[in-house]
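Asks: Chains A and B, in that order, are what the protein sequence lines are. Positions in the first sequence are counted from 1; adding 55 to them yields the numbering used here. Positions in the second sequence are counted from 1; adding 16 to them yields the numbering used here.
Calculated from the structure, these hints are not laboratory results. It cannot be assumed that every hint is accurate.
BS3-like mimics (lysine-lysine), calculated; alpha carbons at most 30 Å apart, straight line [claimed, not checked]:
| # | chain 1 | residue 1 | chain 2 | residue 2 |
| --- | --- | --- | --- | --- |
| 1 | B | Lys25 | A | Lys225 |
| 2 | B | Lys25 | A | Lys218 |
| 3 | A | Lys315 | A | Lys218 |
| 4 | B | Lys115 | A | Lys315 |
| 5 | B | Lys75 | A | Lys315 |
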Amino acid sequence: MQRKSVGNILLLVLTLCVACMWAFPLYWAVVTSIKPEQEVVTKTTFIPDVFNFSAYYFALFETNLASWYVNSLVTSITVTVVVILISVMCAYALSQIVFPGRRLLYGIILASFMVPSQALVVSQFVLMYRFGLINTWGGIILPQLIVPVVVIVYKQFFDSVPKELREAAKLDGCGDFQILFRLYLPLNWGITTALAIITYIMAWNAFLWPFLVTNSEEMMTVTVGITQVDDAFGVKYARDMAVAILAALPVALAYLLFQKRVTQALMLSSGIKG
Amino acid sequence: MLTSERRTKTLTAVLMIAPFVITYLTVFAYPVYKMFALSFTDAPLIGDGRWIGFANYLKLLNQKLFFTSVWNTGYFVLLTVVPNTLVGLGLALMVVRLKGWLQSLVLVLFFLPYILPVSVVTQIWEWVLDQQFGIARYVIELFTGRRISVFRDPIWAMPMVALVTVWWTNGFNLLLFIAGLRNIPADYYEAAMLDGATRWQCFRRITWPLIWPVTALVLTLQLILQLKIFDQVYLMTEGGPFNSTYVLLQLVYREAFRLNHGGLGSAVAVFLFLIIVTVSVLQYQLLRVRGR
């Protein structure tokens, strides 16, 4: 039933051209990072004359990248684990246990979906200051822990688990905590991986809050820290690109390894079943 | 017997919701309240202030930079929301025609920018658009006949920030559109083709009306997202040149964190908060009406 021929081939070629143009800045960043600084500004070469990794050497050993990496890893992994844990418990209670105030709580969580966290930065900063958490991992982590959509997605999934399963487990003498962690969570393992990966990516990429709450270079996350490099050393594009690529590596890898899950999580959080 | 069982149930529920609820109240609900409270005081960023009623809001109405920020935020929204949606639909139409590994590859190429940190994106584009050595100077020269330092030119700065934003955030729209397009049954197209419909007719009569719900969703999500513009502007232009890219969230940052006006900064935040909540409520109502 397909209209073969010229039209289709032209469309295919067009698609490939657009895709290559779209990804070109990424390619250009990679190529630039493996050129000597001299070649970067003197010639336009699409494949470097010589492969040179001095920009990476600089990025790794002459900037604070290592400590930024530690900060980013610690904070984004903690955010991910805590977000999943507190959300999954809350969602289970909302979905499976009848208790007073349950509808109200769910309503509030649904409504919180609409609150722009960016508008809260001033009062959150004041709060973190009171807690003495400015320039600490705790200060970076705390305000990132409320992700209403994770609770909402989990609740929807738990709602669709057959009731008989929970009844049977109850008869076997399991408590709700056991049912959640031994039964419901493993049953929804796919969605947990998806939500965890997307939460990790979002936490790694967070800019505004970590930027506000850290002011000493040693405490910055990668996303904030890399913006400090050119200030300190003047503009050197091979170095800038090497730093940028190293900063993007953990999330790019997470995406490439778990493409399906990332897609699924994004669909779910926008209300489309993936 | 029954009441004690109910009590255990409630106790379990409380234990389970407690970590979320306590965190929620501390780092989310309280800051929302505190934002409103601060906006009615003359407090510095850290420390107490006096209650001054609506004075901060009145001050904003007399501040030129506030109107500049409102205007620029609106301009940025205009430059990104509809274009980003249309580009997403266009790319999705291209991607769904492909098959197998080729489709996966092309999808990765289009999607990859979306998962990059904003500072990585801005670093890459600052290099690409560098006036002296950037690769894009050839393209710019081709169209304008001169070299332009795009982030230092009041006319070019905002459209370029918008362009970078579309490149960065489009992957998400693309995914939603691909999912939407896959839900359109193939028989519709087969039937139309049997009747001799052209490609354009197929798009106009089948794809466009059936994809409209997704388009509406993407448009509203984009609107909410782009109103919160700060990162890209701050990193690429710092609001300049001549405040031509100064946006609302940046005004919050400036007043509260640079000038130590916690109260005034909160007033701007409240303004932004109210706009976004209004848009979100409207979106929710729209989606509900359509869901019926």
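Asks: State for each hint whether it applies.
Replies: How the hints compare with the structure:
no., hint, verdict
1, B:Lys25 / A:Lys225, "holds (12 Å)"
2, B:Lys25 / A:Lys218, "holds (16 Å)"
3, A:Lys315 / A:Lys218, "holds (29 Å)"
4, B:Lys115 / A:Lys315, "holds (16 Å)"
5, B:Lys75 / A:Lys315, "violated (50 Å)"
The structure is inconsistent with hint 5 alone, although it conforms to all the rest.
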